[in-house]
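J.: The primary structure of each chain is shown beneath.
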Amino acid sequence: MASEEPVIVVEDLVVSYGDKVVLDGINFSVMPGEIFVILGGSGSGKTTLLRNLVGLMQPRSGKILIYGENFTAMSSQERTQFRRKMGMCFQGSALLGSISVADNVALPLREHTKLEESTIDIMTRIKLELVGLSGVEDYLPSELSGGMRKRAGVARAMAMDPEIIFYDEPSAGLDPIVAAGLDKLIRTMQATFNLTSVVVTHEMESVRIIADRVCVLHQGRVAGIGTLEELENSDHPYIQQFFARRPDDQSTAAAAYAESLTGID
Amino acid sequence: MVALFGRVGRWALEQIAAALRVSVLMVDTMVWLVVAPLKGKGFRWRSSVERFVEFGVRSLPIVGLICFLVGVIIALQASYTLQKWGANRYIADLVAVSALRELAPLMTAIIIAGRCGSAITAEIGTMKVNEEVDALEVMGLNPVKYLVAPQFLAMVTAVPSVTALAMFIMIFGGWLCSVFVVGVESAIYINQTVGAIVEKDLLTGMVKSVFFGVVICWVGVYRGFQVEGGAEGVGRETTASVVASIFLIIVVDLVFTVLFYFL
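Chains as they are written, first to last, in the working numbering: chain A, 1 to 265; chain B, 1 to 263.
Please keep in mind that the hints were generated in silico from the structure rather than gathered at the bench.
By construction, the Cβ of each residue, glycine as well, lies at the ideal position given by its N, Cα and C atoms.
Treat the hints with caution; some may be incorrect.
As the list claims (entries may be wrong) - For the chain B half of the interface with chain A, some residues (derived, Cβ under 7 Å), not all of them: (1) GLU132; (2) ALA135; (3) VAL138; (4) MET139; (5) LEU141.
Bound conformation, chain B alone (with noise of 0.2 Å):
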């Protein structure tokens, strides 16, 4: 009994440990992004800049490529439904609305977390077993400065970029399929979806995807500072970063879900 008691305690201790070092990392992230700038103590533009190109730019095809196969899925499975009411024309809307509020970010999310939330831990993570992130800190360079900040700008811009193209490749996805395969006429498909989509769904969309941008940078730095003792350390984080990161943007999508469907 009270061995439990010691483990529960224990445990919530450590759990309250990793909650200070994630908050100390956020507010840190912050300042370097956000107020150092403006102090005039400089941001690494060009680090950023070369990161954009690779979260965004790089993922574009796998991502487009998925969501284009989403859409086609989509438009096949609610024709399995709505063809029996003869109802096909209302595919558009269910691609349109689908594609906008939930599985365009989603899936966006999901390949860039395990594209590059990854690399990012294994990244911090050897820089930090190679002794790195020591080296920086002993010339007076803050490794959330020079590793964290630049990433975390890229990120939560690039995430959102490439939602917004899936988001179009999607319906493109669900408009091909359904009007060469299930047999709408195109002119209706498209009036339909431009009856579908409201702003509001455009924004639900977009403002999730900044959010998982946010989770996907700091789960993925996070677990590259924990990484301790070489190489299987990075190994183990890793894998731990994807998982976590995929984790959270499902509770994070759940929360953003709730509060829009309320609003």
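So here's chain A without its partners, still in its complex pose (with noise of 0.2 Å):
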């Protein structure tokens, strides 16, 4: 995309869940106003390197430096005045259950700014508008379907006006037509905006979409990082697989298996 100063930066990130090493040493950069697609299988550590990235977990070692800052050294404070130049979109949309969706966009505007009521109206509504959703403010959460429920929480995710925007598997348990649909806005948002977005997914359809570049997570490591093309022309055997959408070989996964139960290699 651009030759400017990345947005994101991680250096040498490792998670861990006690002893259990989930990430391991993972390094990549993410420049202003792309797509950043993080790839992976189930268990391959990336809604971990979400979490981390938003500040939800600490690492064990490693940095993430956002706009040059050191996001995982700051204060409690400091983190949630630099949380609003980020907005999230999580997996379950997890809107509050307990208020409307108007309210739902409405509340870090509430908490965050001194804006009339009337002008916090004005600027939900524009949000849930700019999502495809007018006409639903008054609805809770649990009354819209799951492709709404999604759009409501990149209505919400976008209502500070952040720079940076995460998604967390945005396609997952949506039918195909819904999914398009929420991928076009993913890409119409960072057109609109240019917006730096990070999407976390494992849907092959979608990456093709969206992504501007992609990263490939297997367990824990980096597989690969580079454009669609790069990595489909990669001879990793992981990124092969997964692209060729090819199963494991029974064999050598039960001797994995097998491996991972007794601690034998």
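Using the hints, put the two standalone chains together into the complex.
T.: Structural data, given as structure tokens:
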């Protein structure tokens, strides 16, 4: 994309749950205005990586620099301030179930700004319209369909006009048509606001539509980073297998499973 | 032997970690309830009032009914012994003192723990499972400020308020039973009641009930944040929450009873 300074730089990130190392020495950088996809199978650590990027988890070692500032070393107050530049869409949308869709979108505005209620009202409408959800303001999240909930989640993430947006499995659990609509929304958001977007997914179909660059995670390490064409020409066996949608070789998979149980190589 | 030491050690470490988490929660609650509003960071008054209605006003019918029945029961039980000496008028003393010092606060707290403590755990637990707690944090909204502080204020005011009414209702139950079943004269009963109660009885009951409210709220919230892994986790922690808060209510009751006994 552009040859500017990267927005997010991850350096030697190591994350563990207790003694189990989940991410082992992750390095990558995200450039401004690009859609950076973190791709990986189940258990590859991609959701853990995302939780570290937004500060919901602390890494064991390594650094995450956002706009050149060390995000991992910030105090919780500094982090709260810094988070206003970031928006996040959760896998299950994570809208607050007890308040209406409009109140959900308005929540960060009410908490962080001193805007008048009428202004907040207008801004909420604009954000909902942006994601193609006008007319559902007064519904409760439980009254919406899965796709609509995800769109409302995007609207809420956009409420504070962030510069970076994170999506956790945006198309998980949606039918192909709704999923494609969401891919298009991610593209539109990026194109309209020049949003730096980080998308965690395992869906090859949406990767082909949205990705500027892709980072493939495998067993807690980066298997490859690059544009889709670059990765398609990669000779890394896991990347080839993932892109070709080939199942694991049963015999080696069973052997690996036995190893993981016994701890003997 | 080594395994035993290992187990005890691990258990102790877990308990210390839990105690630490509880203390952090307590300090955080106080900060968001007292310090932050003074610094102009706001408090969610509306949410607190809504919670007060839920914990207090909506608990009234069931608390009232149960305390009325308990009043009737104590009066009858007391009469069983007292009438042997023709001392039925002392039912009034017994009902009044036990209602104020012990039974109204305790019954109220236990009912509210079952009704609302469990609801607090289930609500926060479900929000945690649905990543709503994470969402609050990512939006820069402190979950303690948003979820805990308003509930805490509501609970520590609702429990004493309901308790005060419960005391009255329990004494009324005792009066009704004594006058119409046992056959004590109404004026005598009322006189005895007024003579039996001192300020300290009321104070004991009210101080206790404030701390019962503290216990119910903190146990409920703590258990809610402990929820891991789906609906099953919510169920498990909700049960644990009710059991723990009833147990702790009794412990707090004992501590204060001992304290007031010697004071």
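J.: Regarding the hint that ALA135(B) lies at the interface with chain A, is the smallest CB-CB distance below 7 Å?
T.: holds (4 Å)
J.: For the hint on MET139(B), does the least C-beta distance to chain A fall short of 7 Å?
T.: OK, holds: MET139(B) within 7 Å of chain A, min 5 Å.
J.: Is the interface hint for GLU132(B) satisfied, with its Cβ closer than 7 Å to some Cβ of chain A?
T.: GLU132(B) check passes; min Cβ-Cβ to chain A is 5 Å, inside 7 Å.
J.: Answer holds if the nearest beta-carbon of chain A is closer than 7 Å to that of LEU141(B); otherwise answer violated.
T.: This interface hint holds because 5 Å falls under the 7 Å limit.
J.: Is the interface hint satisfied for VAL138(B)? The criterion is a beta-carbon contact with chain A at less than 7 Å.
T.: Hint on VAL138(B): holds, closest Cβ of chain A at ~5 Å, below 7 Å.
Checked against the numbered hints given earlier, this structure breaks none of them.
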